[in-house]
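Please take these sequences and the hints and turn them into a complete structure.
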Amino acid sequence: MSTAKTSTPPSEDRAERGSTRRRRPRGGWRAALRRDWQLYSLAVLPLLFFVIFRYVPMIGNVIAFRRFEPGGSVLGEAWVGLRYVRMFLSDPTFWTVFTNTLVLGALTLLFCFPLPIVLALLLNEIRNRKLKRFVQSVSYLPHFLSIVIVAGVTMQLLALDGPVNQILRTMGNETIIFLQQPDWFRTIYVSSEMWQTVGWGTILYLAALTTIDDQLYEAARIDGAGRWRQTLHVTLPGILPTVVTLLILNIGTFLAVGFEKVLLLYNPLTYPTADVISTYLYRVGVVSGNFSYAAAIGLFEALIGLALVLSANVISRRTVGTSLW
Amino acid sequence: MVTLATSRGYRIFQAVNAVILTGVVVVTLYPFVNIVARSFSEESYIASGQVNLIPRGFNLTTYQIVASDPMFWTNYRNTVVYTVVATLISIVLTTCYAYVLSKKHLRGRKTLVAIALFTMFFSGGLIPNYVLVTSLGLKDSIWAIVLPNAINVFNLLVMKAFFEGLPVELEEAAAIDGLSTYGILLRIVLPLSKAVIATMVLFYAVSYWNSWFAAFLYMNESELFPVTVYLRNLIAGATTSENAGAVAGDLTQAAANIQSVTIVLTLIPILVVYPFVQRFFVSGVMLGAVKG
Numbered sequence: 418m419s420t421a422k423t424s425t426p427p428s429e430d431r432a433e434r435g436s437t438r439r440r441r442p443r444g445g446w447r448a449a450l451r452r453d454w455q456l457y458s459l460a461v462l463p464l465l466f467f468v469i470f471r472y473v474p475m476i477g478n479v480i481a482f483r484r485f486e487p488g489g490s491v492l493g494e495a496w497v498g499l500r501y502v503r504m505f506l507s508d509p510t511f512w513t514v515f516t517n518t519l520v521l522g523a524l525t526l527l528f529c530f531p532l533p534i535v536l537a538l539l540l541n542e543i544r545n546r547k548l549k550r551f552v553q554s555v556s557y558l559p560h561f562l563s564i565v566i567v568a569g570v571t572m573q574l575l576a577l578d579g580p581v582n583q584i585l586r587t588m589g590n591e592t593i594i595f596l597q598q599p600d601w602f603r604t605i606y607v608s609s610e611m612w613q614t615v616g617w618g619t620i621l622y623l624a625a626l627t628t629i630d631d632q633l634y635e636a637a638r639i640d641g642a643g644r645w646r647q648t649l650h651v652t653l654p655g656i657l658p659t660v661v662t663l664l665i666l667n668i669g670t671f672l673a674v675g676f677e678k679v680l681l682l683y684n685p686l687t688y689p690t691a692d693v694i695s696t697y698l699y700r701v702g703v704v705s706g707n708f709s710y711a712a713a714i715g716l717f718e719a720l721i722g723l724a725l726v727l728s729a730n731v732i733s734r735r736t737v738g739t740s741l742w
Numbered sequence: 002m003v004t005l006a007t008s009r010g011y012r013i014f015q016a017v018n019a020v021i022l023t024g025v026v027v028v029t030l031y032p033f034v035n036i037v038a039r040s041f042s043e044e045s046y047i048a049s050g051q052v053n054l055i056p057r058g059f060n061l062t063t064y065q066i067v068a069s070d071p072m073f074w075t076n077y078r079n080t081v082v083y084t085v086v087a088t089l090i091s092i093v094l095t096t097c098y099a100y101v102l103s104k105k106h107l108r109g110r111k112t113l114v115a116i117a118l119f120t121m122f123f124s125g126g127l128i129p130n131y132v133l134v135t136s137l138g139l140k141d142s143i144w145a146i147v148l149p150n151a152i153n154v155f156n157l158l159v160m161k162a163f164f165e166g167l168p169v170e171l172e173e174a175a176a177i178d179g180l181s182t183y184g185i186l187l188r189i190v191l192p193l194s195k196a197v198i199a200t201m202v203l204f205y206a207v208s209y210w211n212s213w214f215a216a217f218l219y220m221n222e223s224e225l226f227p228v229t230v231y232l233r234n235l236i237a238g239a240t241t242s243e244n245a246g247a248v249a250g251d252l253t254q255a256a257a258n259i260q261s262v263t264i265v266l267t268l269i270p271i272l273v274v275y276p277f278v279q280r281f282f283v284s285g286v287m288l289g290a291v292k293g
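Here the protein sequences line up with chains A and B, keeping their order.
Using our numbering, read the first sequence as starting at 418 and increasing by one per residue.
Using our numbering, read the second sequence as starting at 2 and increasing by one per residue.
To be clear, the hints were calculated from the coordinates, so they are not data collected in a lab.
Predicted model, so just to flag it, every value in this text is computed and none were measured.
Ideal Cβ placement from N, Cα and C applies to all residues, glycine included.
Treat the hints with caution; some may be incorrect.
Now the stretches of chain B that chain A is said to cover, found in silico as 3 or more residues with beta-carbon under 8 Å [stated by the list, open to error]:
no., region
1, 180-190
2, 230-236
3, 273-282
List of simulated lysine to aspartate or glutamate pairs, DMTMM-like, C-alpha gap at most 25 Å [as the list claims (entries may be wrong)]:
no., chain 1, residue 1, chain 2, residue 2
4, B, Lys140, A, Glu677
5, B, Lys195, B, Glu165
6, B, Lys140, A, Glu591
7, A, Lys678, B, Glu222
8, B, Lys105, B, Glu165
9, A, Lys549, A, Glu635
10, B, Lys140, A, Glu486
11, A, Lys678, B, Asp141
12, B, Lys195, B, Glu170
13, B, Lys104, B, Glu43
For each label pair, taking beta carbons as the anchor points, the in silico distance ranges come out as [claimed, not checked]:
no., chain 1, residue 1, chain 2, residue 2, range
14, A, Asp508, B, Ser49, 51 to 59 Å
15, B, Val273, A, His650, 40 to 48 Å
16, B, Met287, A, Arg452, 29 to 37 Å
17, B, Val274, A, Arg452, 39 to 47 Å
18, B, Lys140, A, Tyr472, 15 to 23 Å
19, A, Ile629, B, Ala68, 51 to 59 Å
20, B, Leu180, A, Ile629, 41 to 49 Å
21, A, Arg544, B, Val34, 25 to 33 Å
22, A, Tyr472, B, Ala16, 55 to 63 Å
23, B, Ser8, A, Trp512, 51 to 59 Å
This is the structure we're talking about:
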């Protein structure tokens, strides 16, 4: 998506495919419209989509600062300033769910981010192609399932009569109603997330691994490096840009912890650890109808998310030299 | 000596690696096997925690119970209809916009790209979206599911990258032959793009097939639910009494069993097509990652 900012001198012949030079046609907007109106017309419906369903909701966040009445204007009725912001800042439940979000996000990042890298490295060491493909196919599978199915499977596994409790019983322990214990929620959530994402997460790393130059391994071998040191000094640096890029993206979605999965797995008994910002604002807004208050929380969450991506991007550009833009 | 030592170490590593990866396969597949075993088992064996890998007291009664619920099939049909309509609309919009964005000479192209890209990093959020969809009167209609997610920016970038890779000469020749932009897109570009369009159809179809939250949020009438919401009401009924689904109804004594069966029945279509479509997904993701 890198396009030269300076306009190249107009030339009549089109630039060849693959070259960075390209035709910059003469004339202003009017000429462009006359020449390319058919192209622009193709963009009309998609643009309408972006404006209505992406940008209007962004503007719709003003209801965080306005009184909103259901059935009234999408943009609210009258300014109330920072009333709703002050309201959630002094709401103890908000701080509970904020902490829960940070903890759950951090645990997910800690456990679910490195695992695909390890799995990709292990897969990369398999010489048997058929076996490799089989392991890959199986491990990708959970990615294709509806989150409802994943939640259903999780519940069945952890049910009183499910396999986990069967094991507990055979070992002579008390059975546990896992999904009603706040202490267990984080473990359950992170495990289920690992199960669902580890396989699919390897794809981009495996792709990056195939692009590493074989001559680098050759040179490392000549220098006397064993498999382990080759991994350390050739493989890891080779996939580092991919790791950093995905890390930035993951940090950006840090606060948006699997809202749907939490919504499916939690219940009032586990709220103390399971309730996160997004589920809280769902209940406050959609279930209880306090739209302005919920919008204020949502806006806060979105802004933190944006700030996180931007700062992660800057930090990685300064330190590793890789960035998203 | 050194090479011998490393090679022995490497052999040990290979063995350990094989064990680990076998473990990954087992852990991934085990829950499915367990669910299938439960779905064919007798209620008493399940309740006493005796069903693990193989069905105990094999029977098809629960399948008959689930299959005889007309709402299950209504919702299943809804899933199919929603998936087909939504995928169709998504494909048309994504293709049009991706094609426009791939035209490097187009004035304002960068702005058009930025409009799409920005939405990847900042979104309106749940509440404004809910307010919007409600006030547009889309509730309790298929459009609440289809329209708000019609274009996925990642998919858009994959298609754009693909179109940018097509040879310019073909389109130029077609233009000289007097084809309009629409003609070029329909008769030259699309026939060359079958593979990427197939991939996009799969991307969108799977995400619509699996989606539940939009329907859960915007639909109140159970005749309109997709099967995912049917399943969610079933499993929610098992954990929280406040949400006890009308679905389980008077059959609560077999609730766990019914859940297993419903999960299996909703899983089947995905499992059937999965082996054939998996590689399209992988190649699609690669294309998006390399060029996006």
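Distance restraint between Lys140(B) and Glu486(A), which requires alpha-carbon spacing of 25 Å or less: Holds, because 18 Å separates the two Cα atoms, which is no more than 25 Å.
Beta-carbon spacing of Leu180(B) to Ile629(A) - inside the hinted bounds 41 to 49 Å or not: holds, 44 Å
Range agreement (Cβ of Ser49(B) with Cβ of Asp508(A), hint 51 to 59 Å): violated, 46 Å
Three-residue Cβ test at 8 Å for the coverage of the region 180-190 of chain B by chain A: Answer holds; 4 residues pass the 8 Å Cβ test.
Annotated coverage of the region 230-236 of chain B by chain A, confirmed only when three residues or more have a Cβ within 8 Å: holds (count 5)
Pair hint outcome, Lys678(A) versus Glu222(B) [Cα-Cα no greater than 25 Å]: At roughly 23 Å apart (the allowed maximum being 25 Å), Glu222(B) and Lys678(A) satisfy the hint.
Hint check for Arg452(A) and Val274(B) - Cβ pair distance inside 39 to 47 Å: holds, 44 Å
Verdict on chain A covering the region 273-282 of chain B, criterion of 3 CB contacts below 8 Å: holds (count 4)
Given hint Glu43(B) paired with Lys104(B) - CA-CA distance at most 25 Å: Violated, at about 62 Å.
25 Å Cα cutoff - pair Lys678(A), Asp141(B): holds, 23 Å
Range hint compliance [Cβ, Lys140(B) to Tyr472(A), 15 to 23 Å]: holds, 21 Å
25 Å Cα cutoff - pair Lys549(A), Glu635(A): holds, 23 Å
In terms of the numbered hints stated before, the structure departs from hints 6, 13 and 14, listed from lowest to highest.
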